[in-house]
Amino acid sequence: MLIEVKDLHAEVEGNEILNGISLTVNPGEVHAIMGPNGSGKSTLAKVIAGHPAFEVTSGEVNYNINGKMQNIADLEPHERSTQGIFLGFQYPVEIAGVSNIAFLRESYNAICAKQGVAEMDEQEFKNYLRPKLELLEMSDSFLDRAVNAGFSGGEKKKNEILQMTVLNPRLSLLDETDSGLDIDALKIVAKGVNALKSKYNATVLVTHYQRLLDYITPDFVHVLYQGKIIKSGGKELAHQLEEKGYDWLTKN
Amino acid sequence: MSTQDILDKEYKYGFFTDIETGEFPKGLDENIVRMISAKKNEPEWLLDYRLKAFKHWKTLKLPEWAKLEIPEIDFEDLYYYAAPKSTETAPKSLDDLDPELLATFEKLGIPLQEQKRISGVAVDAVFDSVSVGTTYKEELEEVGVIFCSISEAVQDHPELVKKYLGTVVPYSDNFYAALNAAVFSDGSFVYIPKGVTCPMDLSTYFRINAKETGQFERTLVIADEGSYVNYLEGCTAPQRDENQLHAAIVELITLDDAEIKYSTVQNWYAGNKEGLGGIYNFVTKRGNCLGKNSKISWTQVEAGSAITWKYPSCNLIGDNSQGAFYSVALTNNKMQADTGTKMIHIGKNTKSTIISKGISAEGSENNYRGLVKIMPSAKGARNYSQCDSMLVGDKCSANTFPYIDVKNNTATVEHEASTTKISEDQLFYLQSRGLDMEKCISMIVSGFCSEVFKTLPLEFSVEAVKLLEMKLENSIG
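Just so you know, the sequences run in chain order A and B.
Each residue of the first sequence is one higher than the one before, starting from 1 at the first, in the working numbering.
Each residue of the second sequence is one higher than the one before, starting from 253 at the first, in the working numbering.
Be careful, since some hints might not be right.
Claimed, not checked - Here are some, though not all, of the chain A residues that point toward chain B, as calculated from beta-carbon distances under 8 Å:
(1) ALA49
(2) HIS51
(3) ALA53
(4) PHE54
(5) GLY67
(6) PRO77
(7) VAL98
(8) ILE101
(9) ILE111
What the hints contain is simulated information worked out from the structure, not anything from laboratory work.
All C-beta atoms, glycine included, are put in the ideal place defined by N, C-alpha and C.
Hey, can you work out the whole structure from these sequences and the hints?
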């Protein structure tokens with residue numbers, strides 16, 4: 001087991017957003033979390049990553065650290081990250097004056113330091129990056145630009161996937177990574193996600209549309225509504241949703 | 253960790269060197285001025301200059317226009333001259349210097365002995381009121397560069413000192429300039445001859461050590477036609493509960509086609525969290541771009557001092573001359589800063605650039621004050637100013653006071669200003685990439701300051717980033 005969410009309740013400024021979520025993800029799996037706007041999909045991803053704006057009021061998030069399931073409620077966001085949890089942001093944040101490559105290397109080295117792996121110097125890191133840039137069809141000039149500053153919507157999302165491939169997480173939570181992407185960019189992003197897939201890691205895709213799932217095949221699909229998972233199934237569930245919308249599940 | 257440990261961590265230069273010091277009696281009168289001049293065996297003209305300045309100083313009132321709350325300073329309760337006894341007879345070489353002094357500078361990261369000194373940077377080390385030594389003097393002399401203490405320059409190169417001293421900052425300029433002109437004790441002197449690119453960076457390290465002593469240093473840098481020099485300045489002081497006064501003057505002069513880059517990393521003791529102690533840093537720094545096509549750029553990283561009152565400025569006199577001011581000013585706890593620049597455009601097609609980054613944290617107050625003045629003669633003058641403030645937490649404040657005075661309608665003046673706060677979203681984004689809170693802050697802050705840091709020499713910019721990290725360490729969370 002990689003992560004186990006048990007009857008999770010979370011709120012922001014007194015409003016309950018997650019209303020008893022349970023979800024188990026094993027290594028090697030791809031899960032898709034779908035649901036109408038405002039159902040709590042993004043919140044679930046953020047709570048797992050440790051966003052300070054959300055308060056967990058009850059339930060647990062247990063995560064596999066060194067072979068043991070541990071409650072990560074007390075871990076800071078950076079500690080969760082160094083333990084291999086990655087959140088791909090729906091709205092990546094701009095950091096003025098910090099080059100993308102410096103940011104990537106700091107981040108990579110912070111995780112290496114925690115994992116007891118040797119850190120990389122500038123040249124080693126450039127060599128490590130090269131195939132990843134090629135995979136995502138990104139030019140080198142990307143590296144010298146300030147983090148997300150002046151990036152197009154598509155570039156920002158690609159940059160998130162670049163970070164994911166660089167940091168090589170065990171659990172990737174991708175929050176609406178497909179939104180704002182044209183079909184070519186979507187294919188590239190999917191290629192990046194698929195390339196990273198292994199039997200040791202897992203991916204949770206938070207998405208509104210079935211479109212992304214044409215390129216990344218989920219093992220499980222969950223429908224979230226009003227902070228609860230109201231239906232789970234295989235990839236065929238996504239197709240049903242595409243045809244019928246959410247109404248047939250949310251009525252009553 | 254005890255409070256003391258945290259303080260020590262915050263200011264690692266806060267130690268005191270227990271060394272026998274000879275000082276003049278406390279207080280200031282004509283006799284003290286004469287004693288300082290006599291101690292330095294100065295020529296008559298310089299004593300006259302000091303006495304005139306002193307007479308003028310007595311007629312002046314403290315400047316009150318800055319947005320600073322300055323506690324009353326008792327000018328009679330200060331020592332105006334203090335020097336280690338061991339420097340009274342000049343040591344033959346730096347290796348013969350008092351071991352205590354050598355150890356002090358080594359602890360500050362400035363080894364002076366021949367075999368240990370930093371390669372590629374010549375250092376003039378100023379301890380309280382005297383320069384205790386200058387490295388690489390002989391090597392510099394070979395190409396005609398003069399780099400020595402100003403006291404030595406008065407003896408060995410009186411014609412140059414007499415020609416330029418007080419020409420950029422006259423003693424009548426302001427209260428602290430008059431005080432400095434009357435009692436200045438030491439500082440550095442630089443002369444770069446025609447057509448010479450100074451083969452190494454020159455640097456002065458100022459250390460205030462003695463108790464209840466004011467440091468009044470005086471620096472004069474002259475770049476003759478077509479010459480170039482990169483000059484660096486660092487400052488530290490012991491941690492004490494009493495405030496100490498530092499009132500310096502720096503004068504820069506560039507002749508035709510010459511360039512001076514002057515960088516400061518100021519880390520005077522800033523007082524404790526409650527605002528007890530710290531240095532009052534009241535400094536007048538100004539450059540005259542006398543020659544055509546000449547350039548002066550000031551880069552400052554102001555991270556220390558209880559109160560900073562400082563406006564490194566340029567008089568752009570020669571046609572096509574250029575002035576620049578790149579500044580990062582950080583305040584935290586109870587620190588106050590009122591700092592900025594003046595760019596006075598006099599010559600034709602003169603150009604100036606101002607990039608100011610203010611960071612305030614805790615209960616501190618950070619003000620930018622700048623003047624861009626375009627004189628009627630300055631046809632085609634151009635200025636670009638950018639003043640950005642960053643607030644860390646919600647107890648601090650930042651203000652920008654830009655003054656623009658344009659008397660020639662062919663001039664172009666641009667001013668941009670912004671205020672930002674470090675947002676929770678930025679922090680969470682960086683944290684979720686494995687960076688701890690301190691690292692996140694330092695990354696955001698160094699990104700914010702990157703335009704200024706890139707104008708610093710590499711070692712200095714690394715030091716500056718570390719310094720800001722250290723200063724902000726306990727301000728977040």
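Residue hint A/GLY67, partner chain B, criterion CB-CB below 8 Å: For A/GLY67, the interface hint is violated, since the closest Cβ of chain B sits about 21 Å away, which is over 8 Å.
Status of the A/VAL98 interface restraint (C-beta, 8 Å, chain B): With a closest approach of 4 Å, the A/VAL98 hint holds.
Interface hint compliance - A/PHE54 to chain B, C-beta minimum distance less than 8 Å: violated, 11 Å
Status of the hint placing A/ALA49 at chain B (closest C-beta pair under 8 Å): With Cβ-Cβ at 5 Å, under 8 Å, it holds.
Hint check: 8 Å Cβ-Cβ cutoff, A/ILE101 to chain B: violated, 13 Å
Status of the hint placing A/ALA53 at chain B (closest C-beta pair under 8 Å): At about 7 Å, which falls below the 8 Å cut-off, the nearest Cβ of chain B leaves the hint on A/ALA53 intact, so it holds.
Hint check: 8 Å Cβ-Cβ cutoff, A/PRO77 to chain B: holds, 4 Å
Hint validity - A/HIS51 Cβ closer than 8 Å to any chain B Cβ: Constraint on A/HIS51 satisfied, holds at 6 Å.
Restraint satisfaction for A/ILE111 [CB to CB of chain B, less than 8 Å]: holds, 4 Å
Taken one by one, the earlier hints fail for this structure at numbers 4, 5 and 8, listed in ascending order.
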